[in-house]
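Participant: Each protein sequence line maps, in turn, to chains A and B. Here this note's numbering is used: position 29 in the first sequence is 29, and no number is missing along the way. Here this note's numbering is used: position 101 in the second sequence is 101, and no number is missing along the way.
Calculated directly from the structure, the hints in this document are not laboratory data. Just so it is clear, CB atoms sit at the ideal spot from N, CA and C, and this is done for glycine as well. It is possible that part of the hints are untrue.
[Unchecked claim] Which residues of chain A face chain B? A few of them, derived with a C-beta cut under 10 angstroms, are:
#	residue
1	Gln6
2	Pro8
3	Phe45
4	Lys57
5	Lys67
6	Phe71
7	Val86
8	Gly92
9	Asp97
10	Ile100
11	Val109
12	Phe110
13	Pro111
[As the list claims (entries may be wrong)] SDA-like mimics (lysine to any residue), calculated; alpha carbons at most 20 angstroms apart, straight line:
#	chain 1	residue 1	chain 2	residue 2
14	A	Lys3	B	Arg37
15	A	Lys3	B	Ile12
16	B	Lys41	A	Ser7
17	A	Lys37	B	Gln42
18	B	Lys41	A	Leu11
19	A	Lys40	B	Val3
20	A	Lys41	B	Ile12
21	A	Lys37	B	Ile12
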Amino acid sequence: EDKVVQSPLSLVVHEGDTVTLNCSYEVTNFRSLLWYKQEKKAPTFLFMLTSSGIEKKSGRLSSILDKKELFSILNITATQTGDSAVYLCAGGLYNTDKLIFGTGTRLQVFP
Amino acid sequence: GAVVSQHPSWVICKSGTSVKIECRSLDFQATTMFWYRQFPKQSLMLMATSNEGSKATYEQGVEKDKFLINHASLTLSTLTVTSAHPEDSSFYICSASIQGRSGLSPLHFGNGTRLTVT
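Build the full structure now, drawing on both the sequences and the hints.
Facilitator: Written out as structure tokens, the structure is:
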């Protein structure tokens, strides 16, 4: 059975801290690993990773994939209160557009 | 671009009634749309894959007679929760992918529908 597991389940930090969110996966026909940020409504897309070892970066957020060890991390540096959200990772598969979502990590950033 | 519109954003209904939720891709054609369900503080659980012009594919454990899905055009899929019960109360989110990019398409999500069954 396909499975995506995230850790930690929740995280509380102060503004300015750096956080690392983890995502491990066991997905048949794996093709890509995606990260989303979900605040109150729909998830918004952050990154899609398909190759090992190539870091993707957007501002204070960055992510990398390890296809040998079957995991990905999402780093957020100099966190701000606006980073508070649930961060979801998902596995993308060949031959279908459906995504297998992980459990999510709830990040709370306090001033 | 790649906007998905979902309607209504929230609905309250009485037990035993049916509720229809619409999902539209506004600026692209979506041969495939996905319906997810999310309980509080839990992740997105895929309910079904909706294919334009054919029957939906339901995930294990999802009752196809209770959650009716219709994908009549390349821009519209509907989910009807029939004979709703309080345990059906949840957040339902649709998503759509741009045609022909299996596994490489960062699904575009609607804003979700919060269903409360009283």
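Participant: Hint by hint, note whether the structure agrees.
Facilitator: To see whether the hints hold, each was checked on the structure:
1. Gln6: Hint holds; glutamine 6 of chain A Cβ to chain B Cβ min 8 angstroms, cut 10 angstroms.
2. Pro8: Since chain B brings no Cβ nearer than about 14 angstroms to proline 8 of chain A, farther than 10 angstroms, the hint is violated.
3. Phe45: holds (4 angstroms)
4. Lys57: violated (16 angstroms)
5. Lys67: Violated: closest Cβ of chain B sits about 14 angstroms from lysine 67 of chain A, beyond 10 angstroms.
6. Phe71: Violated. Min distance 17 angstroms.
7. Val86: With a closest approach of 8 angstroms, the valine 86 of chain A hint holds.
8. Gly92: Result: holds, 4 angstroms to nearest chain B Cβ.
9. Asp97: holds (4 angstroms)
10. Ile100: holds (8 angstroms)
11. Val109: violated (18 angstroms)
12. Phe110: violated (19 angstroms)
13. Pro111: It is violated, given that the least Cβ distance between proline 111 of chain A and chain B is near 23 angstroms, above 10 angstroms.
14. A:Lys3 with B:Arg37: Distance ~17 angstroms between lysine 3 of chain A and arginine 37 of chain B Cα, so the pair holds.
15. A:Lys3 with B:Ile12: violated (33 angstroms)
16. B:Lys41 with A:Ser7: holds (14 angstroms)
17. A:Lys37 with B:Gln42: Holds - the C-alpha atoms of glutamine 42 of chain B and lysine 37 of chain A are around 14 angstroms apart, at most 20 angstroms.
18. B:Lys41 with A:Leu11: With Cα atoms ~14 angstroms apart, lysine 41 of chain B and leucine 11 of chain A stay inside 20 angstroms; holds.
19. A:Lys40 with B:Val3: holds (18 angstroms)
20. A:Lys41 with B:Ile12: Given pair lysine 41 of chain A, isoleucine 12 of chain B holds - Cα atoms ~17 angstroms apart, limit 20 angstroms.
21. A:Lys37 with B:Ile12: violated (27 angstroms)
When each numbered hint is compared with the structure, violations occur for hints 2, 4, 5, 6, 11, 12, 13, 15, 21.
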